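Q: Chain by chain, the residues run as shown.
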Amino acid sequence: MKYKDGVILAADTLASYGSEARYKDVCRLKKVGEYTLLGGGGELSDFQYLSDQLDEMADEDWLNEDGCFMGPKEYSSYIGRVMYNRRSKFNPLYNQFVVVGKKKDEPAHLMYVDHQGTAFEENFVATGFGMHLGIPLLRNSWRADMSLDEAKALATKCLEVCFYRDCRAYCKIHIGVCNGTSVDISAPIPLNHFWGHGAWTEKRLEDDDPTATW
Amino acid sequence: GLLSDAKNGKMNRNQYDTDVSTWSPQGKLHQVEYAMESVKQGSCSLGLVGKDFVVLAALKRSTGDLASYQKKLFKIDDHIGIGIAGLTADARSLATWMRTECLNHKFQYDSPVTTGRLVSDIADKHQEKTQASWKRPYGVGLLVAGYDRDGPHLYQTCPSGNLYEYKAMAIGARAQSAKTYLEKHLDSMPGADLETLVLHSLKALEGPANDKDVDVKNACVAVVGKNQPFELLEGDALEPYLRQLK
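If you read the protein sequences in the order shown, they are chains P and A.
Position 69 of the first sequence, counting from 1, maps to 69 under UniProt numbering, and the rest follow consecutively.
Position 186 of the second sequence, counting from 1, maps to 186 under UniProt numbering, and the rest follow consecutively.
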């Protein structure tokens with residue numbers, strides 16, 4: 001989501017293999033070029049492939065030595081074109097991306113791009129289950145003038161809800177921040193989660209089955 | 001120059017000037033030099049850079065009273081335009097290529113192309129033609145005016161493939177007299193407003209015009225810069241400026 005001074009991006013650290021929680025310490029956020037963050041959901045190998053291609057583009061940018069670097073607008077537009085052309089050839093990159101960033105002296109940029117080539121700019125977006133569980137929370141609480149801490153707290157809350165209700169989510173996250181001067185991806189942050197609810201722990205049936213909840 | 005030497009019979013046509021892939025013993029590529037001569041034969045185009053604007057101006061030639069005046073200034077994109085001197089057909093080919101590149105870049109990256117990078121690619125195109133025996137160099141010089149995120153720029157491209165950035169420059173016939181005028185007023189350009197820059201560009205054309213008048217028929221001006229997409233000033237639009245110069 002965008003906040004007062006830029007834009008943040010958060011994702012959990014899980015790479016699933018179908019329904020198996022296979023790799024639990026994966027960073028799904030990637031710094032691209034100087035000003036941009038790419039967050040990837042879906043097929044991780046496609047995310048890695050595209051990341052490598054974008055790194056090559058960033059290197060070529062740097063090689064021009066003219067102080068001119070591509071920003072989030074350029075990268076997100078380019079990724080949108082790639083995704084749409086791949087889907088049109090029936091060979092999609094099976095991902096939902098969030099491309100965020102902020103170049104100094106320019107407004108913050110936030111774009112959603114997916115495997116169909118759908119691309120749009122918004123103040124806040126989410127992929128996967130985040131779309132269903134997180135967006136309602138964001139719609140209630142997001143404001144354009146949020147501070148960084150407020151934005152981080154809101155993102156954390158959304159991912160907590162995702163962990164509670166999405167059985168393929170995870171309780172460790174990264175938060176990336178683009179504020180116009182730098183792009184920083186945090187160290188892994190464990191989420192708080194509480195399982196001591198009465199509904200979960202109190203006995204409801206005659207026999208000692210603690211897991212019955214009705 | 002080469003042309004006057006040829007007319008005087010002083011130029012030596014030699015065994016090293018038939019194709020561009022042959023070096024002369026003096027280390028020259030004569031075909032490239034002959035191509036640059038073609039640029040010098042074209043009518044004058046000039047450009048100058050202010051703090052927020054680039055102005056291009058040119059003298060248009062006509063073959064006679066019944067004919068139209070040859071177009072010298074071309075819009076490439078909202079933020080880029082060119083002035084040409086030399087083979088117009090070569091210029092149009094390059095202009096078409098530049099326009100396509102600009103459009104493709106805008107479509108892919110949702111962002112205008114950086115002028116310097118586009119011009120760098122043109123220079124590479126020129127160089128290609130100097131390193132193949134079955135091609136010929138472009139016979140046109142371009143003055144490329146562009147306004148990027150980091151401000152206004154003026155570049156010159158050459159049949160040799162060399163690339164230069166300038167604060168002010170003139171190419172084509174009698175360009176030296178325009179350059180002399182531009183050098184004299186160079187220090188005042190960064191502080192000048194757009195109208196003053198346009199007046200300077202028209203005044204600078206008076207040298208190359210020689211004894212002829214600079215009027216609404218044979219002069220053309222173009223401006224590009226901050227909050228100013230590339231705009232051509234021709235015909236009656238030049239009247240208020242030309243009046244000020246009288």
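Since the hints were made in silico from the structure, they are not lab data.
Keep in mind the model is a prediction, meaning the values are calculated, not measured.
Misleading hints may appear alongside valid ones.
What the hints assert, rightly or not - With the C-beta cut set under 8 Å, the calculated list includes, among others, these residues of chain A facing chain P: (1) 52; (2) 100; (3) 102; (4) 108; (5) 116; (6) 117; (7) 185.
Claimed, not checked - Capping the alpha-carbon separation at 20 Å, the derived lysine to any residue pairs in SDA-like fashion look like this: (8) A:106 x P:107; (9) A:28 x A:106; (10) A:106 x P:78.
Quick reminder that beta carbons are idealized off the backbone N, C-alpha and C, glycines included.
Q: Evaluate each hint against the coordinates.
A: Verification of the supplied hints:
1. 52: Not OK, violated: residue 52 of chain A not within 8 Å of chain P, min 16 Å.
2. 100: violated, 16 Å
3. 102: violated, 14 Å
4. 108: holds, 5 Å
5. 116: Since the shortest Cβ distance to chain P is 5 Å, the answer is holds.
6. 117: holds, 6 Å
7. 185: violated, 28 Å
8. A:106 x P:107: holds, 19 Å
9. A:28 x A:106: Given pair residue 28 of chain A, residue 106 of chain A is violated - Cα atoms ~40 Å apart, limit 20 Å.
10. A:106 x P:78: Between residue 106 of chain A and residue 78 of chain P the Cα gap is close to 10 Å, so the pair holds against 20 Å.
Violated hints, listed in ascending order, are 1, 2, 3, 7 and 9; each of the other numbered hints is respected by the structure.
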